[in-house]
Amino acid sequence: MSFISEIQKFNSLSIVGLEKNTGKTVCLNYILDRLPSQNYKVAVTSIGIDGESKDQVTGTAKPEIILKEGTYFSTSEVYYSRRNLLSELVEITGERSSLGRIVTAKVLRGGKVMLGGPSSAASLRRWKEGVKKFDVDLTIIDGALSRMSSGSPAISESLIITTGAAYSIDMERLVRRTKYVVGLVGIDKAEPSVRDRFMDIERGVWGIDLNGGLVDFHLESSLTVDKVKDDITKNSSHVFVSGALTDRFLNMISDSDRVKDIVLVVRDFTKMFVTEEAYRNFLRRGGNLRVLQKSRLIAVCVNPVSPRGVVLDSGTLCGKLGEALQLPVYDIVKCGDVI
Amino acid sequence: MLFKDFFDAPCGLRYMLESLQLVSSCGRSRLLSSEMLVSQGDIEESYKKLRIAYRTIYETDGVTGSALASLKHKLMCLRDISGTISRLANKVVLDDIDLFEIKYIALLAGAVRGYLEELKLGVIEIPDLEDVVKILDPDGMRVESFYVYDSYSKELGRIRGELKKLQGLEIGRDKAATTDSRITELIERERLLERKIRENLSDLLREHAESIKLAVDSLGDLDVLLAKCLQIKEMGLCFPEISSDGRTSYEGMFHPQILSVYEEYNKLHADFGGEKKRFTPIDIEFVHIPISIIGANMGGKTVVLKMLALNQLLFQFGFGIPAKRAEIEIKDEVRICIGDEQDELSGLSSFAGEIKAIDGVLQSAAQGKKLLALIDEPARTTNPIEGTALVAALLNVLKDSEISLIITTHYNIPGEFFRRLRVNGLVNGKMDYRLGETKSGDIPHEAINIAKSLKVNEQWIGEAEKFLDKKIID
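One line per chain: the protein sequences are A and B, in this order.
Using my numbering, you'd call the opening residue of the first sequence number 1 and step up by one each time.
Using my numbering, you'd call the opening residue of the second sequence number 1 and step up by one each time.
In case anyone wonders, no lab produced these hints; they're calculated from the structure.
Possibly wrong hints are sitting among the right ones.
What the hints assert, rightly or not - Pairs of lysine-lysine residues, derived as DSS-like cross-links and limited to a Cα-Cα distance of at most 30 Å, are as follows:
#1 K455(B) / K106(A)
#2 K134(B) / K106(A)
#3 K72(B) / K132(A)
#4 K154(B) / K112(A)
Remember, predicted model here, so these are calculated numbers, not experimental data.
Given these sequences and hints, build the entire structure.
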């Protein structure tokens, strides 16, 4: 099954790069080019100031976004005035960026444009809701460097991760690091009854005690955990961290005698601010981690070329990653036509 | 003075603004930058509009909530396009975003005019921008979108047609070698043509710049008017009469912010069966004779001043008035001196700040201005002997002026050249906040009783009573 038809099963997609120059834009263009244009509407935007014609950090050339007729796109006023396509302006949104207001337009004749849309998770959600009025079938968010939040299931149902030599030129390390992130995305959902109890909680650390009662540990965040360490580990069957999960909190659970009896729950993988070592230690000790919301990871795309010119062997890299991740892995630049 | 100049005056105007349910930023900025009305004609006109709007919306049978809701929804979409308008006036060639903004507003104005007609609400005239719509909607689609339409120029249509065909070939991968250069050439021509069309459109629209601005302003004003009507209904405000004989009188005057605090408190304490807090409405009437309000601490003297200040300002900005009935004299200025005038940054102490503020009142009085001056406990930060002298002198200096001076004080001011109003005070252990006329200058001695009722350190209060007894014996 091609991953384009897999994407069409969802209403929203985020593309997240593990590092700059991992081929995120190439991947986006590839998808935009191959999605059907008849009876299928797409709206696309990019988080923050992505979509520059030159990479801001390394100065390497970066492809522009190529849009087809009928596609809706949202970008800043400044980028809109520099567009290289014919489009009909349909909305000036209430969102702002450093490059002016964010506007939405419909492409009348295909061409190139730089995308720089809303920059916070909340404004991306508003954007996604806002473009619904144009009856779009799919919203695509081009996520930004190290902004995993744009891949949150709260924003998009499905996800594509791009990785590559820019992330690490040591192939073993690249595979291991990617596997770690993919592992976080793949954390299973908690059982429905547990999800229902925690879903609407927006602050603090909560638990379900051994009698099934809901407990508020009165913690502002998992950063201030030392105060109520024993309360949390002694009598809970489930512990829910509504905000960021940190090493300190995770280690506290790992170090507890009851580590195997507690199910630790986080909202989604973007709230995992833990190091790989702490997470592995937690798993080794028999810890259980679940999420409330999970995105469907459709594919991992790799770019074997690093900005400094190092080129990894594409075939070997795709093979190794595919084996480690048990997921489809594509080098879009090289073998785009065969997917 | 503008509305925003009084925004932080310590009388609760900010609360009235925040509880005004404005739906557009234009409405808010129109209100904030509106001038205080000082002419009888302007105030009459503003209340006439408000009354008609209120009656039409809330007192006419058959006014459908849906038309009103649609009207408000439209106003919610109102955006501030002052940037675009000033670019237009400054002969800048507008870009697609500017043109979209203008078309959007023109369509919005048309829709609002329709709803106003449906509601038979003719109090605010929204300029007809149909000519503007025609300029920006050559195909008559009436859709809120914009690009340089093909129908602006036959050549543009031709160029775009050919471009589309060539790009189709490109996708089909059977293009000739010359296609690329042809595409580049056509795109360049398209760009030049689009620019020319935008120039023409900007020129055409420039003639309408005034009415576009007027439309945006009046849409903002409409938002303010509707919000004032809703506020009158929700807070139970009244339409004031304009006084013609120099008299200002209020019956059942209240303070919406304090009322809401009480309501909140009562809601919170409803389960405990405790006594409910009630706001005592105040009746007051005054002309130009200075008034000194005396009475117990916690008797609501300052609240009276705040209400008078608030109501005068609401009156002169055309709002509903928080009272059962109000007849108000128009003033040239409203001076409010409540709270600490201390300003460390300019090196003024509390005393100096206050004295300066009072001096300002006297200067305005000397210029013959009609003034409402409200001063809370003047000279309270100095010794009672000199303080009393300063306050007595102030009342005396202004006794024959056109100024309505109302102060509160704990000092014993002798003389018959001013009116004394006294808070009824503690009656059977309960505070009666109402005001009564009193001849005697004797200020009430209830401070210690009230302090006792606050259940503070007993030793302290006991000692104070001993000191008081001793002084009286001495």
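Open item on the list: K134(B) and K106(A) were given as a pair; does the straight-line alpha-carbon distance stay at or below 30 Å?
Closed with: holds (22 Å)
Task: Pair hint outcome, K72(B) versus K132(A) [Cα-Cα no greater than 30 Å] - done: Status holds; Cα separation ~22 Å.
TODO: For the pair we were handed, K154(B) and K112(A), check the Cα-Cα distance against 30 Å.
DONE: holds (25 Å)
Task: Agreement of K455(B) and K106(A) with the hint, judged by alpha carbon distance not exceeding 30 Å - done: violated (70 Å)
In summary, the one numbered hint that this structure violates is 1.
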